[in-house]
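Input sequences plus hints: build the corresponding full structure.
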Amino acid sequence: MTHATTAAAFAAAVLVSQLVGSDLEVGSDAAYAQQRSVADGVYTGDQARRGRDHYRKRCILCHLDNGQGREAEPVIVGQSLEREGDPEAPPVAGEAFLKKWNGRTAKALYDTMRTTMPVGSAGSLSPQEYADVLAYLLELSKLPAGQQELPAAPDRLDLITIKQ
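Going letter by letter, the sequence shown gives residues 3 to 166 in the numbering used here.
Hints are computed from structural coordinates only; laboratory data are not their basis.
Every residue, glycine too, gets a C-beta built ideally from N, C-alpha and C.
Fair warning: there could be bad hints in the mix.
[Claimed, not checked] Straight-line Cα separation of at most 27 Å, BS3-like style, residue types lysine-lysine; simulated pairs: (1) K102 with K144; (2) K101 with K165; (3) K109 with K144; (4) K101 with K144; (5) K144 with K165; (6) K59 with K144; (7) K165 with K102; (8) K59 with K102; (9) K59 with K109.
[Claimed, not checked] Across the chosen pairs, the derived CB separations fall in these ranges: (10) G122 with S39: 32 to 38 Å; (11) Q149 with V121: 33 to 39 Å; (12) E90 with G148: 17 to 23 Å; (13) K144 with D48: 17 to 23 Å; (14) G47 with E90: 29 to 35 Å; (15) V121 with D42: 30 to 36 Å; (16) Q37 with K101: 27 to 33 Å; (17) L63 with D42: 30 to 36 Å; (18) L63 with Q36: 33 to 39 Å.
Below is the structure:
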């Protein structure tokens with residue numbers, strides 16, 4: 003092989019690898035280029051595990067271990083309980099949660115989480131941490147995991163609908 007032939011072959015190989023690489027990136031973007039439902043497996047198990055860790059550090063005090071929140075806790079007449087956390091924290095997982103958010107987008111929920119939670123320090127998690135917590139809430143709600151992580155990009159979350 004001559005030097006010119008070797009250089010041409012190398013240039014062709016670089017071009018092909020760039021085209022293949024860009025196709026792979028477009029392919030992963032294509033998964034979020036169409037409307038999807040949370041029932042389509044829009045998060046991974048690993049992402050939900052990371053979300054669980056953040057949830058246990060920042061959310062569990064108000065929303066409890068099962069995500070059912072405190073608004074459903076029974077009031078004991080004649081007993082005053084001093085507790086930390088929001089005594090009226092709503093469910094963030096399960097049937098009541100899915101019913102409340104039914105028909106809305108994952109972006110709407112993500113934005114609500116980001117701008118209001120945790121109480122007293124809203125916006126204190128990174129965008130990825132909020133997406134991970136959202137993945138954990140979907141897992142708590144018995145929605146299936148998939149092959150791709152729930153994105154932290156609002157434009158992609160806007161294409162994912164929450165359905166019961």
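Hints, one by one, checked against the model:
1. K102 with K144: holds, 16 Å
2. K101 with K165: holds, 8 Å
3. K109 with K144: Within the cut-off at roughly 19 Å; holds.
4. K101 with K144: The hint holds at about 14 Å.
5. K144 with K165: Answer holds: K144 to K165 is near 12 Å, not above 27 Å.
6. K59 with K144: holds, 21 Å
7. K165 with K102: holds, 10 Å
8. K59 with K102: holds, 25 Å
9. K59 with K109: holds, 23 Å
10. G122 with S39: 32 to 38 Å: This hint holds: roughly 33 Å between Cβ atoms.
11. Q149 with V121: 33 to 39 Å: Given about 34 Å between the Cβ atoms, the range holds.
12. E90 with G148: 17 to 23 Å: violated, 33 Å
13. K144 with D48: 17 to 23 Å: With Cβ atoms ~18 Å apart, the hint holds.
14. G47 with E90: 29 to 35 Å: holds, 32 Å
15. V121 with D42: 30 to 36 Å: Holds, since V121 and D42 (Cβ atoms, about 31 Å apart) stay within the stated range.
16. Q37 with K101: 27 to 33 Å: violated, 21 Å
17. L63 with D42: 30 to 36 Å: holds, 32 Å
18. L63 with Q36: 33 to 39 Å: With a Cβ separation near 38 Å, L63 and Q36 satisfy 33 to 39 Å, so the hint holds.
In summary, the structure is inconsistent with hints 12, 16 from the numbered list given earlier, while agreeing with the others.
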